[in-house]
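Chains as they are written, first to last, in the working numbering: chain A, 1 to 271; chain B, 1 to 251.
Since the hints were made in silico from the structure, they are not lab data.
From the three backbone atoms N, C-alpha and C, an ideal C-beta is built for every residue, glycine too.
Among the clues, some could well be false.
Some chain B residues near chain A, calculated using beta-carbon distances under 10 Å [what the hints assert, rightly or not]:
| no. | residue |
| --- | --- |
| 1 | D80 |
| 2 | V82 |
| 3 | D92 |
| 4 | Y94 |
| 5 | W97 |
| 6 | V137 |
| 7 | D138 |
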Amino acid sequence: MLCNTYKMTVGLMHSVTLYHWEPNANSGKPMLALMEKGVAFESHYLDLLKFDQHQPDYLAINPQGTIPAMVHGERVLTESTAIMEYVNEEFRGPRLMPEDPRDRWRVRWWMKFMDQWLGPSFSMIGWKVFVGPAVSSRDPGELQAAIARIPLPERRVAWRKAIYGEFGEEELKESQRRVALGIRMLEQELAKRPWLASNQYSLADINGFNLAYALPLSQPALSNDELTPNILRWLRAIYARPAAKACWALGRTNLVKRVTILEQPHSGGGG
Amino acid sequence: MRMTLYHGEPNGPSLTVLATLFAKEVQAELVRIDLESGQRHTLPCAQEPLVAMSVEGEGAVLVVAGEAMTDSVFIACYLDDVGPGAALRPADPYGRWETMHWCRQMTERTAPAAAYLGCWAHPPKADAALLERIGSVDLRARWQQIAAGKFSADHLTDSRTKIHQATEKIEARLDGRQWLMGRFSIADIETYAWLAGMVRLVPAAFAAKPRTTAWLGRVRTSPAVAQALALSRTGDPAASWSVGPEINRWG
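Just chain B, with the same shape it has in the complex:
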């Protein structure tokens, strides 16, 4: 089946999808887009509801048989279903629940924090005319806040706390394990993709966490992730950020 993957620098959602694609040995045409300048909103599929309203924010888009798919964890599940490479989710339902549960906590709590801190340190830049084309009102509002340099001190503090909570969870999870779900899985890829850029931005969250530090190295050098990282054009993909999921509005 013909597939086209529109992706940015191998960090965040783009890294998740690229690494999964390579691990699953799925053939797709790779098309580089500049997520940091909002280029996704110039794609022909940009206004399709499942692209425009993706909760993930500025992520990769996989087009399969004319259908544009977004949200990196679910694209990864799709690729895991269709690709011939080794399975990236456990086979038993409980292990699969653990994987989806882990990824949900990652996308709902860690990803908004990482994207907020990433954009604060490495602001993406889109010109005003392009911002007007963004179909989601709330995604556009997040872009406008960043363009205006408006970062809330409360959100920055809370985001650092969320990164600490993530690494504490990882350190505990890796007790007796090499990989988060026992074997290399979507959970490792997704977690690494959001946290690789946090090592420099929230170093205290990684201090005195030997299992997490060793695991980051294992994921980085695993063949599929290494292949994805080699696509970097900047040489520093962990410093490449665009607007991510929103921080919970309430409760």
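One chain only, chain A, in its complex shape:
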């Protein structure tokens, strides 16, 4: 595991260590939340494609072998969305949850929808296109042993499907249907207000950016300046934030380089 410390503005009584992969999907959520709050943290980059997350030194921290995990003093925290709420409440810095209780409900509704309904469909496509091909050329025996070490049975199934290209046509079609519907829902919601769940930048936006930042590249026929001007406006507004720039600069693979699509100028409308 490689290790870097990002010194930022807020002093801490206890050190924060984040175990993460790329600034993408679940790993990117606490990374961006910590950076938005200005919390210094020690970054432990786990190479998902080398199965670092299933090695004994990480399993000693998170026995489920899922990424990310955050260690704050003696506390070990998992589940990226719950970690973000903790980061927001525990540390000083800009508030990342709105004041109004109904706005907070909306933030949580969207985070769950993205975590549990839309995200897995994005991720199935991403694993088929990126993760599977990135590891499938390795030694077959080594891959089998790597799969056998995965603690959660559900994750074993996911990895097996990605590595051996076993996603069925029907499940991929269903994922594509959900991605298309999710894009329409995001566009409709972002037409109502500047940010996804309230008039204030919040954890829902951090969550959503990690899910959707590459949309104009990965789904160009469904998300572009003409069809989804509000999604593009929203993604560009988040990418323009210093925390997002700093966060995505930590990426090491081609996966996160896709974010540069957002550097192209806005060519459409959008409110």
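Following the hints, complete the assembly by docking chain B onto the known chain A.
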């Protein structure tokens, strides 16, 4: 603020929201709907995206100032924020993380299993015309599978395993504790709401778990939960099920 709660029999998501409402002493107009016959899809708000696409499936709907809110844990967090009753989440951020983490595991792993087994034992029935009105394609597909009596043996087995895993987790958590988070909280209500109906359907998961058994009794007789359960019209709310969250599609 004017609130209307559309709820079904006090089990699953309806029980969570009703018990939270009572514990927090929030005033709302209570409107009974028959979730087991899909009646939620006849409400004026049924096609609103945050109702139609709720991950929870057939749950309660709280309408506040014209906005229809779904997903029982998050409605409970809202009520905890606005109601004068005793707090239902710990005050410190770590305790709040534990509560949200616990509820996430409950809604993502236990709830789909409990709803699947509940619907298998006590199938909800909606007429074909009503099924056509269901806005979410995947929720409609789950209804159609149940209407056709198609239950997968693999899913039934996996669901029973998930109930065992939940009760093992609860039994371990209650070592030295009366309540899951130390004090009575949303985690107790939500966990009880999904598991009360599993005692008869997966009895082995509750056998030789004295702490879990005693805790079920404590939750059932706690004032707010007892008040919610007293609203039952069937006399057996734990046997009342409708279509729940989907079982994970992958990983």
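A quick look at each hint next to the structure:
A least Cβ separation of about 9 Å between D80(B) and chain A falls short of the 10 Å threshold, and the interface hint therefore holds. Annotation: interface hint on V82(B) holds; nearest CB of chain A at approximately 5 Å, less than 10 Å. Checking D92(B) against chain A: minimum C-beta separation of about 9 Å stays under 10 Å; hint holds. Among the interface hints, the one on Y94(B) holds; its C-beta lies about 6 Å from the nearest C-beta in chain A, closer than the 10 Å criterion.
Restraint check, W97(B) versus chain A: the minimum CB separation of about 4 Å is within 10 Å; hint holds. Below 10 Å, beta-carbon pairs count as interface contacts, and V137(B) has one with chain A at about 7 Å; its hint therefore holds. Taking 10 Å as the C-beta contact cut-off toward chain A, the hint placing D138(B) at the interface holds, the least distance being around 8 Å.
When the structure is compared with the earlier hints, no violation turns up for any of them.
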